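J.: For the protein sequence lines, the chains are A and B, in the order given.
Heads up, the first sequence is in our numbering, so the first residue is 252 and it goes up one at a time.
Heads up, the second sequence is in our numbering, so the first residue is 252 and it goes up one at a time.
Please keep in mind that the hints were generated in silico from the structure rather than gathered at the bench.
Treat each hint with caution, since some may be false.
The list makes no distinction among identical chains, and a pair is therefore deemed to hold if it is satisfied within one copy or across any two copies.
No more than 25 Å apart at the CA atoms, straight line, and that leaves these computed lysine-lysine pairs for BS3-like [to be verified]:
#1 K534 x K298
#2 K276 x K364
#3 K377 x K526
#4 K364 x K534
#5 K534 x K276
#6 K377 x K534
#7 K298 x K276
On a predicted model such as this, the values are computed, not experimentally measured, just so you know.
2 protein chains.
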Amino acid sequence: MRVFSRVAIVGLGLIGGSVAAAIQKRKLASHVVAYDQLGGGLDLAVKRGIIDSAAPSITEAVSGADLVLIAVPVLTIETILREIPPDVLITDVGSVKQHVIDACETVYGVVPKTMVPGHPIAGSEKHGVAAANADLFEHHKVILTPNADTDAESLERVRSLWQDLGATVVEMSVSHHDEVLAQTSHLPHLLAYALVDTLSAQGDSMEVFQYAAGGFRDFSRIAASDPVMWRDIFQANGPAVIASLDRFLTELGDIRELIIAGDTAGLEAALQRAKAARDHFSKLNDHRD
Amino acid sequence: MRVFSRVAIVGLGLIGGSVAAAIQKRKLASHVVAYDQLGGGLDLAVKRGIIDSAAPSITEAVSGADLVLIAVPVLTIETILREIPPDVLITDVGSVKQHVIDACETVYGVVPKTMVPGHPIAGSEKHGVAAANADLFEHHKVILTPNADTDAESLERVRSLWQDLGATVVEMSVSHHDEVLAQTSHLPHLLAYALVDTLSAQGDSMEVFQYAAGGFRDFSRIAASDPVMWRDIFQANGPAVIASLDRFLTELGDIRELIIAGDTAGLEAALQRAKAARDHFSKLNDHRD
């Protein structure tokens with residue numbers, strides 16, 4: 252059962268904390284140690300048994316570790332990598348893989364063979380280790396983006412870890428990951444932030460929010476996500492986010508024109524098309540819908 | 252307990268069916284009769300006890316009724332009103348109140364004193380009477396938009412009905428309702444349809460949808476809502492929807508510029524502002540969040 256002797260988590264927020272809790276629950280490591288720039292969560296995590304010990308520095312956390320998991324906002328990763336030797340098994344959970352690759356190249360000259368970039372498609376508008384959930388990854392997808400030089404055993408160990416935590420692991424290229432996520436995650440978050448910001452700028456915004464129901468209520472919830480994490484994602488994946496935003500703006504502009512023109516047939520056709528796509532997707536995934 | 256002797260529901264979809272089921276469950280009427288243009292759901296509704304009988308025409312449904320509830324797509328309401336005498340207690344559930352007022356004036360010359368326009372802020376991407384839910388309105392708001400001439404007793408009877416079904420009733424003006432709903436319901440639905448349509452137009456759209464998680468999953472679900480109902484809402488509330496869309500587009504354009512300019516401080520400030528608004532709203536409404 253004890254697959255790892257010492258797992259070091261760098262960045263103990265929702266995701267880092269949930270990985271730690273999930274490893275502990277399944278007894279996959281003899282020792283889980285964590286470092287976090289903001290010390291506060293570490294004490295709580297030790298108290299709750301989410302980690303075995305807190306380290307006062309990254310160097311001390313990763314010393315002797317046979318797995319280092321980095322779970323910090325994307326733009327912070329380069330600073331973190333500078334403290335980690337390239338010959339240890341490293342993985343991360345960043346939402347923009349090209350930025351992680353670039354950071355590796357800046358720090359190490361190449362992507363270390365023992366670095367397996369990863370991204371669990373799981374999250375919540377909650378953040379901080381207090382929201383850690385040992386079952387967060389069950390029935391969720393985890394995307395790994397290894398390259399041709401990635402050490403096979405390293406890849407296998409990271410893959411097995413996520414599978415042990417209940418996730419389904421898929422591999423794809425860095426660029427494909429960043430494009431797909433721009434569409435399914437980054438753009439929707441951008442829209443949610445913009446929508447909530449628009450509504451809150453209205454005269455009596457609290458009155459407006461009172462009449463939010465159903466889908467908007469769910470949607471606006473993602474605007475409660477960590478602003479620093481999302482600032483980093485929008486910035487690090489800028490070109491793909493802007494490209495997908497611009498496609499959306501074109502579509503939205505078309506629908507706007509249909510409404511202004513009173514083109515009920517054209518408007519209904521657009522809505523039917525969206526519904527058909529969503530229904531089709533829903534059928535393919537009905538275990539989660 | 253039997254507050255009404257005969258309730259006639261015109262349009263037996265999700266909302267009409269849920270009102271019928273809610274009335275039956277609470278034994279508020281001696282008889283519930285329904286008419287629907289598409290006969291299919293009526294048989295099912297009789298079989299399940301959601302209604303007591305199906306009427307072959309609107310005239311027969313409303314004959315002898317002491318309450319008529321109209322629950323059809325907004326643009327259909329004028330046709331329906333032509334079959335209903337103005338001296339019976341009428342209410343509706345339409346999402347655009349000005350259009351209902353206009354339809355009344357076209358058909359009757361004035362809004363009948365016994366007409367109490369209403370709108371339950373409850374719904375689902377499900378539709379059709381098969382999805383009827385007797386508890387759909389519990390802990391939800393219902394907005395009524397009476398005018399100065401509305402008969403006090405009629406208003407009181409409609410208010411009591413919704414309260415008996417578990418809803419909280421609030422009154423507001425027609426124009427205020429239409430503006431608020433444009434922002435909290437109509438615009439978000441428009442964005443969801445446009446987003447799903449944009450993604451489904453991509454190369455391998457089904458692959459893209461597979462990586463949809465969390466907030467987007469919830470949000471895209473509202474694009475599965477009834478396209479005819481929503482076409483009617485966008486059209487009937489056109490000016491308010493376009494005004495609120497344009498405010499949103501301005502905000503979105505600002506955020507787009509911040510990303511392109513690499514203005515991380517400005518970007519973070521916008522996201523923080525949205526999060527603060529959402530968190531504040533969430534605290535005020537934490538029984539439902």
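J.: Could you figure out if K276 and K364 sit no more than 25 Å apart (CA to CA) within one copy, between two copies, both or neither?
T.: For K276 and K364, the Cα distance exceeds 25 Å both inside one copy (29 Å) and across copies (65 Å).
J.: Should K377 paired with K534 be assigned to within, between, both, or neither, using CA atoms and 25 Å as the limit?
T.: between (29 Å within a copy, 14 Å between copies)
J.: My question is about K377 and K526: at a cut-off of 25 Å on alpha-carbon distance, are they close within one copy, between copies, both, or neither?
T.: Cα proximity of K377 and K526: across copies only (11 Å, versus 29 Å in one copy).
J.: Is it within, between, both or neither when you check K298 against K276 at 25 Å Cα-Cα?
T.: Classified as within: same-chain Cα gap 15 Å, cross-chain 49 Å, threshold 25 Å.
J.: With 25 Å as the alpha-carbon cut-off, assign the pair K534 and K276 to within, between, both or neither.
T.: neither (33 Å within a copy, 32 Å between copies)
J.: For K534 and K298, with the copy left unspecified, which applies at a CA distance of at most 25 Å: within, between, both, or neither?
T.: For K534 and K298, the Cα distance exceeds 25 Å both inside one copy (43 Å) and across copies (28 Å).
J.: At 25 Å max between alpha carbons, let me know whether K364 reaches K534 within a copy, between copies, both or neither.
T.: Classified as neither: same-chain Cα gap 40 Å, cross-chain 47 Å, threshold 25 Å.
Comparing the model with each earlier hint shows violations of hints 1, 2, 4 and 5; every other hint is respected.
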